Amino acid sequence: MNRISSFSLLLLYFTCFFLFTCTGNQEQKNTQTQKKLSEAAVKYAKGFSIEYYKNYKLVNVFNPSDSTKISYQYILYFSDSLKPKEYKWAQYIKIPVKSFASLSSLYIAYAEKLGKLDDLVAVSDSRYIYSPATLNLVKTGEVKDVGNENSLNIEKLIEANPELILAYETNTSAKLREAGLKLAINNEQFEVTPLGRMEWIKFVAAFFDKDKLADSLFNNAERDYKALVKVAATAKTRPTVFADIKYGDGWYMPGGRSYQASLIRNANGYYLWEDNSKRGSILLSFESVYAKAGEADFWINTSDWSSIGEAIRNDSRYENFKALQDGNMYNNNNRINEYGGNDYWEAGVVNPQEVLADLIKIFHPELLPDHELLYYKKLRP
Amino acid sequence: MSNLNYKYYFFLSAFLVVLLFMLDVLIGSVAIPWNVTMDVFTCRPVENVTWKTILIDFRLPKAITALFAGVALSVSGLQMQTLFRNPLAGPYVLGVTSGASLGVALVLLVSSYSGYALLSGITGSIGVVGAAFAGGMLVLLLILWVSTKIQNNTTILILGLMFGQFTNAIVGVLQYFSNAQDLKGFIIWSMGSFGNVVWDEVAVLVPIVTIALIIAFVLSKQLNVLLLGESYAKSMGVNVAASRLKIIVSTGLLAASVTAFCGPIAFLGLAIPHLVRSAFNTADHRILTPATALWGAMFALLCDIVAQLPGTDETLPINAVTSIIGAPVVIWIIIKNRKY
Numbered sequence: 000m001n002r003i004s005s006f007s008l009l010l011l012y013f014t015c016f017f018l019f020t021c022t023g024n025q026e027q028k029n030t031q032t033q034k035k036l037s038e039a040a041v042k043y044a045k046g047f048s049i050e051y052y053k054n055y056k057l058v059n060v061f062n063p064s065d066s067t068k069i070s071y072q073y074i075l076y077f078s079d080s081l082k083p084k085e086y087k088w089a090q091y092i093k094i095p096v097k098s099f100a101s102l103s104s105l106y107i108a109y110a111e112k113l114g115k116l117d118d119l120v121a122v123s124d125s126r127y128i129y130s131p132a133t134l135n136l137v138k139t140g141e142v143k144d145v146g147n148e149n150s151l152n153i154e155k156l157i158e159a160n161p162e163l164i165l166a167y168e169t170n171t172s173a174k175l176r177e178a179g180l181k182l183a184i185n186n187e188q189f190e191v192t193p194l195g196r197m198e199w200i201k202f203v204a205a206f207f208d209k210d211k212l213a214d215s216l217f218n219n220a221e222r223d224y225k226a227l228v229k230v231a232a233t234a235k236t237r238p239t240v241f242a243d244i245k246y247g248d249g250w251y252m253p254g255g256r257s258y259q260a261s262l263i264r265n266a267n268g269y270y271l272w273e274d275n276s277k278r279g280s281i282l283l284s285f286e287s288v289y290a291k292a293g294e295a296d297f298w299i300n301t302s303d304w305s306s307i308g309e310a311i312r313n314d315s316r317y318e319n320f321k322a323l324q325d326g327n328m329y330n331n332n333n334r335i336n337e338y339g340g341n342d343y344w345e346a347g348v349v350n351p352q353e354v355l356a357d358l359i360k361i362f363h364p365e366l367l368p369d370h371e372l373l374y375y376k377k378l379r380p
Numbered sequence: 000m001s002n003l004n005y006k007y008y009f010f011l012s013a014f015l016v017v018l019l020f021m022l023d024v025l026i027g028s029v030a031i032p033w034n035v036t037m038d039v040f041t042c043r044p045v046e047n048v049t050w051k052t053i054l055i056d057f058r059l060p061k062a063i064t065a066l067f068a069g070v071a072l073s074v075s076g077l078q079m080q081t082l083f084r085n086p087l088a089g090p091y092v093l094g095v096t097s098g099a100s101l102g103v104a105l106v107l108l109v110s111s112y113s114g115y116a117l118l119s120g121i122t123g124s125i126g127v128v129g130a131a132f133a134g135g136m137l138v139l140l141l142i143l144w145v146s147t148k149i150q151n152n153t154t155i156l157i158l159g160l161m162f163g164q165f166t167n168a169i170v171g172v173l174q175y176f177s178n179a180q181d182l183k184g185f186i187i188w189s190m191g192s193f194g195n196v197v198w199d200e201v202a203v204l205v206p207i208v209t210i211a212l213i214i215a216f217v218l219s220k221q222l223n224v225l226l227l228g229e230s231y232a233k234s235m236g237v238n239v240a241a242s243r244l245k246i247i248v249s250t251g252l253l254a255a256s257v258t259a260f261c262g263p264i265a266f267l268g269l270a271i272p273h274l275v276r277s278a279f280n281t282a283d284h285r286i287l288t289p290a291t292a293l294w295g296a297m298f299a300l301l302c303d304i305v306a307q308l309p310g311t312d313e314t315l316p317i318n319a320v321t322s323i324i325g326a327p328v329v330i331w332i333i334i335k336n337r338k339y
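So the sequences go chain by chain: X and P. The first sequence runs 0 to 380 under numbering that gives the first Met the number 0. The second sequence runs 0 to 339 under numbering that gives the first Met the number 0.
No wet-lab data here; the hints were simulated from the structure. None of the values given here were measured: they were computed from a predicted structure. Ideal Cβ placement from N, Cα and C applies to all residues, glycine included. Misleading hints may appear alongside valid ones.
[What the hints assert, rightly or not] Restraint ranges, calculated between C-beta atoms of paired labels, are given here:
| hint | chain 1 | residue 1 | chain 2 | residue 2 | range |
| --- | --- | --- | --- | --- | --- |
| 1 | P | 180 | X | 256 | 20 to 30 Å |
| 2 | P | 35 | X | 318 | 18 to 28 Å |
| 3 | X | 326 | P | 84 | 56 to 66 Å |
| 4 | P | 206 | X | 279 | 41 to 51 Å |
| 5 | X | 188 | P | 44 | 26 to 36 Å |
| 6 | X | 65 | P | 327 | 49 to 59 Å |
| 7 | P | 309 | X | 279 | 21 to 31 Å |
| 8 | X | 91 | P | 180 | 28 to 38 Å |
| 9 | X | 131 | P | 180 | 13 to 23 Å |
Based on the provided sequences and hints, a complete structural model is requested.
Below, the structure written as structure tokens:
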């Protein structure tokens, strides 16, 4: 018995060895014939790259904590006969994809901006989607709702049969891959600048082969954004700003290198924690936030509050903040649906220039007299 | 231990409670000079209004809450351990906390299901406190009703645990279907906090705890008799059913009110009575009850000071601290004198 199994192991070993050496040779041949033609310009985003080859595109998604490491690799090829073979652990996807599912409302926003909503077949947790066009498709049954992140209905998703799933990595990702579904992992959440987040539209567009359109959409947004930064820079004052609310004993304040800090800085506000070096949030005690921000001019991103009364009901000590007393509280929930699905995290990410304009209007109303707040609103007294 | 020794112990404990209380007010993330603190508390004018607000509105209610929560949970734990003659009993064996959790889960998690409009009406601390108290009281009433039907203490203990399991399962299902934002709110509530209690709430918490404590102190003698077994207690002329009812009401009030305002605070109720029994080396509840109250206060204040991580801007959730300090202490006691 033992002898037989060791013999078969040996056999297996040799077979593998033989196979590998064969494919290895082939690979070398292939790499010699394939030359990189060009690379997509990715100016702000740190998380991905797109390389163009003759018959395919190579898309890399980098590890968010170490950008020299590749987390995911995608080979986007146009025809089966010209499919490259040398990328061992890459995900092969034939493009342009004709149907897709989205497991986050944000990815719908990218696709909608690219005019690809018609190809959407399934979404997760449609209650939290703001996009009216998408909700309409869900209502008519053209787009299936496949449940939420915790309880994804994989059978329903397989039935919808999308050629591609736009997703972020979750516990169910492995199961989806096992089922033969193709996942494009978006890591836009790790980008720390608004333009960096928007730039992931290029990543999404690569799968639809809409690269040129994505470039021009991005360039327009970038142009407008930079123009607004210049406008904001002409302001004579720099009001002090703090963000978020207390949960329990802790206040999760955006770090000084975060997305939010970057927006406030670009709108020429003085973010009180801008010297902090964290990209994520910092957990602060209530009293230390009060000591630093008690006299601050503006308080933004106040969870799900719509009125100052909600703040006071939550904790009466918020009344000690000058921003509350002056009524200078603004929240990014101007466009939400009945379940709290917020367009700020959908279209707002794809239109960073609009978000910036809102903040400039809040901090320096005289600079943009004609702008009406789109994603932000002032809290009711 | 002689009476003189007890007096000495009580004096020392009370002194430590006062000292820790002052330290808890004095120490925090924001460094406030102690002479300013003195000025504030002696009602002298202070230039820095921010410091005054921090001391009066942030630290003082937090320290008072820690004090009363520590007393309430420890005494409640002592009562439960004696009533059920079970060293693993605590304020939570009756399922009161689980009931409170369910109430809070219904407010924080279900509101996202029922639509956004409904949320704005019951959001905020008042909604959470009310829901927690209602949930806790509901379970308490259920237990009381059961205890009038069933005479066996062990059966009540098991029923309490079952109620707890049942409500926890419902909370689990609610969590499973909630969105990240609501879940965050609930999980942070379940980590416990002394710092969220404002003066208006202190004004509710303190009287409830005081009344329940008075009941507990009055019951000390009956607890002593119960310790010797129910049949013995009956033969001594104690109305076991009536005493049990009073103990359950007192414990339920203590646990439900603290949980409503602070969230489920772990470990204090279980650990402190053991600590006190081994330190005072007595089973007399006329000694144990006040001693447990003092040590509970001491321990809660100490944990609160540690949780502030003095000198940093950050804080730890109070439950992490109570359990990290509490667990080794209990292990040490169990190994030291293997009584149980």
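Given a hinted range of 18 to 28 Å, is it respected by the beta-carbon distance of residue 35/P and residue 318/X?
-> Once the Cβ atoms are compared, 22 Å apart, the range 18 to 28 Å for residue 318/X and residue 35/P holds.
Just tell me: holds or violated, for the beta carbon distance of residue 180/P and residue 256/X against 20 to 30 Å?
-> 23 Å, holds
Indicate whether the distance between the beta carbons of residue 91/X and residue 180/P respects the range 28 to 38 Å.
-> 37 Å, holds
CB-CB spacing for residue 279/X and residue 206/P relative to the 41 to 51 Å hint = 42 Å, holds
Okay, residue 188/X versus residue 44/P on CB: inside 26 to 36 Å?
-> 50 Å, violated
Does the hinted range 13 to 23 Å hold for residue 131/X and residue 180/P at CB?
-> For residue 180/P against residue 131/X, whose Cβ atoms are near 22 Å apart, the range 13 to 23 Å holds.
Distance restraint evaluation - residue 309/P, residue 279/X, Cβ atoms, bounds 21 to 31 Å | Given about 24 Å between the Cβ atoms, the range holds.
Given a hinted range of 49 to 59 Å, is it respected by the beta-carbon distance of residue 65/X and residue 327/P?
-> Taking Cβ atoms as reference, residue 65/X and residue 327/P lie about 37 Å apart, which means the hint is violated.
Consistency of beta-carbon spacing, residue 84/P to residue 326/X, with hint 56 to 66 Å | 59 Å, holds
In terms of the numbered hints stated before, the structure departs from hints 5, 6, listed from lowest to highest.
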